[in-house]
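On the provided structure of chain A, position chain B as indicated by the hints.
If you read the sequences in order, they're chains A and B. Following numbering that gives the first Met the number 0, the numbering of the first sequence begins with 0 at its first residue and continues without gaps. Following numbering that gives the first Met the number 0, the numbering of the second sequence begins with 0 at its first residue and continues without gaps.
No lab work stands behind these hints, which were simulated from the structure alone. Errors might be hidden in some of the hints.
Using 27 Å as the maximum straight-line C-alpha spacing, the simulated DSS-like pairs for lysine-lysine come out as follows [to be verified]:
| no. | chain 1 | residue 1 | chain 2 | residue 2 |
| --- | --- | --- | --- | --- |
| 1 | A | Lys145 | A | Lys186 |
| 2 | A | Lys145 | B | Lys199 |
| 3 | A | Lys145 | B | Lys277 |
| 4 | A | Lys180 | A | Lys145 |
| 5 | B | Lys26 | A | Lys59 |
| 6 | B | Lys26 | B | Lys199 |
| 7 | A | Lys145 | B | Lys26 |
Negatives, chain A to chain B, calculated, CB over 12 Å [as the list claims (entries may be wrong)]:
| no. | residue |
| --- | --- |
| 8 | Gly63 |
| 9 | Gly143 |
| 10 | Glu159 |
| 11 | Ala283 |
Ideal placement from N, C-alpha and C gives every residue a C-beta, glycine not left out.
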Amino acid sequence: MHTTPIIELQDLRVRLGRREILQGISCRLGASGTGKAIGLLGPNGAGKSTLILTLLGFHKISAGSARVLGLDCLSHSREIKARIGYMPENEAFIADMTAVHFLRIMGELSGLPHRIALEKAHEVLFHVGLGEARYRTLGTYSLGMKQMAKLAQSILHGPELLILDEPTNGLDPAARLRMLKLIREMKEEHNMNVVLCSHLLRDVEEVCDEVIILNEGRLVHQANLEEERHTNRRFIELEVTGDDGELADALQEQGAEGVNEGGGRWRIVFPPGMELDVLWQLVARQNLAIHHLTHRRDSLEEIFLKAVGHLERSEKSTPELPEKETIDGRL
Amino acid sequence: MAVYRRGYDRYQGPITGRLSRLLVLPKYSWHRVLQQRLVVSLLVGAMFYPLGCIGFVYLSNHTELLLNFDSGFKEFLQIDGNFFLIFMNVQGVFAIILTIVSGRNLIAPDLSNGALQLYFSRPLSRAEYVLARLLVLLGLLSLITWIPGVLIFSLQSGMAGWSWFAQNWNLGLGVFIGSMLWILLISLIALTCWAYIRRKIMAEASILGVFFVLNAVARIFNDVLGVTWASFFNPRQVIDRIWNGLLGITPESGPTVLGCWVAVVVMTAVLLMVLRRKLRPVEVIS
Numbered sequence: 000m001h002t003t004p005i006i007e008l009q010d011l012r013v014r015l016g017r018r019e020i021l022q023g024i025s026c027r028l029g030a031s032g033t034g035k036a037i038g039l040l041g042p043n044g045a046g047k048s049t050l051i052l053t054l055l056g057f058h059k060i061s062a063g064s065a066r067v068l069g070l071d072c073l074s075h076s077r078e079i080k081a082r083i084g085y086m087p088e089n090e091a092f093i094a095d096m097t098a099v100h101f102l103r104i105m106g107e108l109s110g111l112p113h114r115i116a117l118e119k120a121h122e123v124l125f126h127v128g129l130g131e132a133r134y135r136t137l138g139t140y141s142l143g144m145k146q147m148a149k150l151a152q153s154i155l156h157g158p159e160l161l162i163l164d165e166p167t168n169g170l171d172p173a174a175r176l177r178m179l180k181l182i183r184e185m186k187e188e189h190n191m192n193v194v195l196c197s198h199l200l201r202d203v204e205e206v207c208d209e210v211i212i213l214n215e216g217r218l219v220h221q222a223n224l225e226e227e228r229h230t231n232r233r234f235i236e237l238e239v240t241g242d243d244g245e246l247a248d249a250l251q252e253q254g255a256e257g258v259n260e261g262g263g264r265w266r267i268v269f270p271p272g273m274e275l276d277v278l279w280q281l282v283a284r285q286n287l288a289i290h291h292l293t294h295r296r297d298s299l300e301e302i303f304l305k306a307v308g309h310l311e312r313s314e315k316s317t318p319e320l321p322e323k324e325t326i327d328g329r330l
Numbered sequence: 000m001a002v003y004r005r006g007y008d009r010y011q012g013p014i015t016g017r018l019s020r021l022l023v024l025p026k027y028s029w030h031r032v033l034q035q036r037l038v039v040s041l042l043v044g045a046m047f048y049p050l051g052c053i054g055f056v057y058l059s060n061h062t063e064l065l066l067n068f069d070s071g072f073k074e075f076l077q078i079d080g081n082f083f084l085i086f087m088n089v090q091g092v093f094a095i096i097l098t099i100v101s102g103r104n105l106i107a108p109d110l111s112n113g114a115l116q117l118y119f120s121r122p123l124s125r126a127e128y129v130l131a132r133l134l135v136l137l138g139l140l141s142l143i144t145w146i147p148g149v150l151i152f153s154l155q156s157g158m159a160g161w162s163w164f165a166q167n168w169n170l171g172l173g174v175f176i177g178s179m180l181w182i183l184l185i186s187l188i189a190l191t192c193w194a195y196i197r198r199k200i201m202a203e204a205s206i207l208g209v210f211f212v213l214n215a216v217a218r219i220f221n222d223v224l225g226v227t228w229a230s231f232f233n234p235r236q237v238i239d240r241i242w243n244g245l246l247g248i249t250p251e252s253g254p255t256v257l258g259c260w261v262a263v264v265v266m267t268a269v270l271l272m273v274l275r276r277k278l279r280p281v282e283v284i285s
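Extracted from the complex, chain A is given alone in its bound form (with noise of 0.2 Å):
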């Protein structure tokens, strides 16, 4: 079947100035209608912003090309804007101006229809938790509060689309983990994508099926979290007590690999659809005791780090780095 990919990006370069900002990133990211959410992912000054405010149409694409749920950025700029919900990271207000009017305002901009505007405001600001202050001036809130407003303006059209830049920055843990509630919400019950754009891994880790990391203006890797977890949950660390003297040779028989690392630990790899009921079987019928059993798995943190040293060995090492390698950079 044939799916429209949320973000593809084809040698997408952006120039800033003198610098080239975004230098020849090409992926195909989600699919659209799926409610699917895709972490952006790098270190400071990577060029993350710059790429999300390049699909907003704010920047020039100074060579290749982007395409935004099948839409072209820079000839159907317009299409692509009524078609998004867009958070930004910095403060985005009119202080002297009440929540509720501004979201009428922003709602309106987005076309709805003046009384449709005015009820979604008052509803999307109850639903962000801002009902009680929906009528006092932007100006006068917290800076928790206006990171929730921010996300109410961008959802109160609806969009198919939601770009949030750094949602969580500035949140206590409760604000955090309620507007991570909330992007949860949007693309599960929603069916909106997402795409978030963070520098804490957690947050990515905790809302995103897909993550792509950028350094220095590259891709440097491109993940399908769901796989990657499924993939890593073959990973098996285990402490035994008894003799285990057989425990490798009856591993071995099932296809896994066991690695005894001595006092009764092992490192263990399983072998494509195996589970964990035959390692349960199997140190029941070598009358072990389990004390420790993990599903070893490389957190996010883990694949970023090595994302990004791997670019950096891969500088150092080979200059010359074929294009491919460099762009895709799977692990």
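Relative to chain A, chain B alone:
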């Protein structure tokens, strides 16, 4: 069901058209502007002169009421180009003051807290944003410039008859075009000052400076150097020459009317370019 009891529901209904979206910003801005007492007072104050003009038109068409006055006074009651030129000058000054008072909250609040990126992340271009802000001032200033001017012209045409209209139709057109040109110029100058100067008082002083100080400076330059080209840098004088031309009045010596038209076009282009440069959703520091 009460709004606070409802959960979020993604809107998937019809959306409004482009023109409707363009008028959103002017609609709310007019609403805000007309809540200011000073603006309403100025609007009322700016109506006194047009009311006086209506009385003047009535008298000039009913000279039988002035039996006790001499013929010189009756000749003074002429509705011609000079009458409308004075009208436009008086209302033009009101327009500057009203622009300063009403327009201070048009652009500056959007720039000071980064609201522009929210506007431009919606289907609204920079050109449409400027047009929307211009429409606010256009609507407001029209109330005290060309609308009463054209009404006075229509009143005079109705009272004086078809022959007067056939001979003087250019006066009505001149009032309309001249006023629109003045509104465009002062609006652009004001929007540019507010976009670039953060402190309101400084921005307002700059707008006054452009119209009054620049006027004096240009005249001094012309007198001291014995030239006329300094007038091209003076919006008031340039517009005054154009008004003279539109109303069929032979102006005093000075720059040509055509030269003044060119000067207005250049000023407008420069102001639009400068505004476009400033009104960006994100600042690029390279």
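>> Please check whether the beta-carbon of A:Gly143 is more than 12 Å away from every beta-carbon in chain B.
In response: holds, 17 Å
> Is the Cβ of A:Ala283 farther than 12 Å from every Cβ of chain B?
Replying inline: Its Cβ never comes within 12 Å of chain B, the nearest being 49 Å, so this holds.
>> Hint check: A:Lys180 vs A:Lys145, CA-CA at most 27 Å. Holds or violated?
In response: holds, 17 Å
> Would the pair B:Lys26 and B:Lys199 pass a check requiring their Cα atoms to be no farther apart than 27 Å?
Replying inline: It holds: about 23 Å lies between the C-alpha atoms, which stays within 27 Å.
> Keeping to a limit of 27 Å between CA atoms, is the pair of A:Lys145 and B:Lys26 held or broken?
Replying inline: holds, 25 Å
> Straight-line Cα separation of B:Lys26 and A:Lys59 no greater than 27 Å?
Replying inline: violated, 32 Å
> Has the given pair, A:Lys145 with B:Lys199, been kept, meaning a C-alpha gap of at most 27 Å?
Replying inline: holds, 25 Å
> Once the closest CB in chain B is found, is it more than 12 Å from A:Gly63?
Replying inline: Correct as stated: the minimum Cβ-Cβ distance to chain B is 19 Å, above 12 Å.
>> Need the status of pair A:Lys145, A:Lys186: alpha-carbon distance at most 27 Å?
In response: It holds: about 22 Å lies between the C-alpha atoms, which stays within 27 Å.
>> For A:Glu159, is the shortest CB-to-CB distance to chain B above 12 Å, so the non-interface label stands?
In response: violated, 9 Å
> Given the hinted pair A:Lys145 and B:Lys277, is their alpha-carbon gap at most 27 Å?
Replying inline: This hinted pair holds, its Cα atoms lying about 25 Å apart.
Comparing the model with each earlier hint shows violations of hints 5, 10; every other hint is respected.
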